[in-house]
Amino acid sequence: MQTIERIVREHPFFQGLDEASSTLIAGCARNAVFHVGEHLFREGEPADLFFLLRHGKVALEFNAPGREPLTFATLQEGEVLGAAWLFPPYRWSYDARAVELTRAVALDGKCLREKAERDHDFGYELMKRFVPVFARRLQQTRLQLLDVYGRPRTGGGRP
Amino acid sequence: MSIRSSLLPRTFRVVERHEETADTATLVLEAEDGAPLEFAPGQFNMLYAFGRGEAPISLSGDPASPQRLLHTIRAAGPVTEALAGLRPGEHLALRGPYGSRWPVEESEGKDVLVIAGGLGLAPLRPVIYRLLAARERYGRIVVLYGARGPDGLLYRAELESWRSRLDLEVEVTVDHANGAWHGDVGVVPSLIPRARFSPADAVAMVCGPEVMMRFTVAALLERGLAPEQIHLSLERNMRCGVAQCGHCQLGPFLVCRDGPVLPYTRLGELLTIHEL
Numbered sequence: 001m002q003t004i005e006r007i008v009r010e011h012p013f014f015q016g017l018d019e020a021s022s023t024l025i026a027g028c029a030r031n032a033v034f035h036v037g038e039h040l041f042r043e044g045e046p047a048d049l050f051f052l053l054r055h056g057k058v059a060l061e062f063n064a065p066g067r068e069p070l071t072f073a074t075l076q077e078g079e080v081l082g083a084a085w086l087f088p089p090y091r092w093s094y095d096a097r098a099v100e101l102t103r104a105v106a107l108d109g110k111c112l113r114e115k116a117e118r119d120h121d122f123g124y125e126l127m128k129r130f131v132p133v134f135a136r137r138l139q140q141t142r143l144q145l146l147d148v149y150g151r152p153r154t155g156g157g158r159p
Numbered sequence: 001m002s003i004r005s006s007l008l009p010r011t012f013r014v015v016e017r018h019e020e021t022a023d024t025a026t027l028v029l030e031a032e033d034g035a036p037l038e039f040a041p042g043q044f045n046m047l048y049a050f051g052r053g054e055a056p057i058s059l060s061g062d063p064a065s066p067q068r069l070l071h072t073i074r075a076a077g078p079v080t081e082a083l084a085g086l087r088p089g090e091h092l093a094l095r096g097p098y099g100s101r102w103p104v105e106e107s108e109g110k111d112v113l114v115i116a117g118g119l120g121l122a123p124l125r126p127v128i129y130r131l132l133a134a135r136e137r138y139g140r141i142v143v144l145y146g147a148r149g150p151d152g153l154l155y156r157a158e159l160e161s162w163r164s165r166l167d168l169e170v171e172v173t174v175d176h177a178n179g180a181w182h183g184d185v186g187v188v189p190s191l192i193p194r195a196r197f198s199p200a201d202a203v204a205m206v207c208g209p210e211v212m213m214r215f216t217v218a219a220l221l222e223r224g225l226a227p228e229q230i231h232l233s234l235e236r237n238m239r240c241g242v243a244q245c246g247h248c249q250l251g252p253f254l255v256c257r258d259g260p261v262l263p264y265t266r267l268g269e270l271l272t273i274h275e276l
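Protein chains in written order, with my numbering: chain A, 1 to 159; chain B, 1 to 276.
Everything labelled a hint here was simulated from the structure, so no lab data went into it. Take the hints with a grain of salt, since some may be wrong.
As the list claims (entries may be wrong) - Some chain B residues flagged as far from chain A (calculated, every beta-carbon gap over 10 Å): (1) Pro9; (2) Phe50; (3) Glu54; (4) Ala76; (5) Ala93; (6) Ser100; (7) Tyr129; (8) Thr173; (9) Asp175; (10) His176; (11) Ser190; (12) Pro193.
Stated by the list, open to error - Stretch by stretch, here's where chain B covers chain A in the computed footprint (C-beta under 8 Å, at least three residues): (13) 64-77; (14) 112-124.
We treat Cβ as the ideally placed atom computed from N, Cα and C, and that holds for glycine.
All chains, full assembly: derive it from the sequences and hints.
Laid out in structure tokens, this is it:
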């Protein structure tokens with residue numbers, strides 16, 4: 001049986017992490033399972049956790065009254081979910097719902113924040129892993145906003 | 001083929017028409033003279049809607065069936081609107097095929113990534129047919145496809161059939177979706193990190209809007225592909241199709257002759273120069 005520390009260290013998000021840091025992280029980790037339709041979290045709730053997805057698929061959604069939830073991204077095995085635990089006000093700004101049976105490692109954000117405050121090298125290591133994810137997802141959001149598959153808005157002389 | 005003969009149009013009859021999306025249709029064409037039109041994956045024809053004009057349209061059918069040409073046409077302007085609206089029994093004129101081809105044979109023994117966005121699946125479908133016809137000659141074959149929304153996906157039935165194959169990995173994503181869509185949501189480059197292939201021994205063929213291709217190239221390079229392993233198909237304002245008019249110039253290239261398929265190593269920074 002794999003220990004949680006080994007699962008954490010083998011997850012792509014924490015690939016190459018040193019042993020001391022993975023021990024620190026594993027101390028704040030537990031396994032979690034979500035069935036289809038079950039929410040990992042909902043908008044407005046306290047963001048105490050983040051997730052290393054190990055199996056399954058999660059839809060990130062916005063809800064609007066009178067219409068179906070709008071899915072803006074899906075995340076899968078190997079990806080990390082949730083960053084609201086890093087910054088005040090520590091609340092989720094969207095819903096996350098399992099669309100397949102999902103297995104994850106749930107990490108206690110408050111526990112990790114405290115460890116990062118005490119050990120800034122550890123905190124910096126965490127940031128070095130989260131910031132590229134933010135940057136990549138921001139780029140992807142830009143691409144979504146560009147609506148590149150739509151008709152050109154200005155005259156391109158299309159035949 | 002001499003310039004003179006390659007400029008001569010032939011009359012083709014629409015034998016089938018398939019509605020792909022709200023503004024896109026696939027026409028199945030047969031030559032009135034019955035002669036086949038051999039083509040390579042990646043090439044295009046100039047289609048002429050009588051009285052309306054000509055437009056360059058990729059060949060999207062099986063190269064093994066040169067007597068039955070498929071063209072997937074999006075109604076984006078007056079000519080393509082007329083072409084896409086043609087019905088079985090109606091005629092058009094066609095000249096071609098023109099342009100360069102995807103490196104299908106050169107990819108034998110390697111993993112092949114076929115990456116398409118929106119209408120970009122049309123010029124890549126002949127590649128998929130060719131790969132599947134000689135499946136044993138290739139390593140992993142991965143098809144990554146994205147569209148604006150579920151209603152913008154081309155070739156839905158075929159995608160389903162490809163997805164059911166055990167020797168082909170097919171991932172489909174859309175930029176925007178509501179509850180009726182159970183697939184992935186996100187842009188095409190987001191599929192690349194988790195696709196299963198060996199970066200050191202892979203070839204990527206990419207077609208879609210240029211912005212999407214730039215992001216895709218960045219994701220492929222990040223995954224470990226070298227620039228020479230990446231090939232793109234460009235869309236430019238092609239008029240003559242035979243490198244005479246200069247409308248499709250991109251830096252040192254005339255896309256109708258040197259492209260539309262070009263290796264990324266030859267395109268380099270040209271894609272980011274605004275004036276081009």
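Non-conforming hints, listed in increasing numerical order: 3, 4, 8, 9, 10, 11, 12, 14
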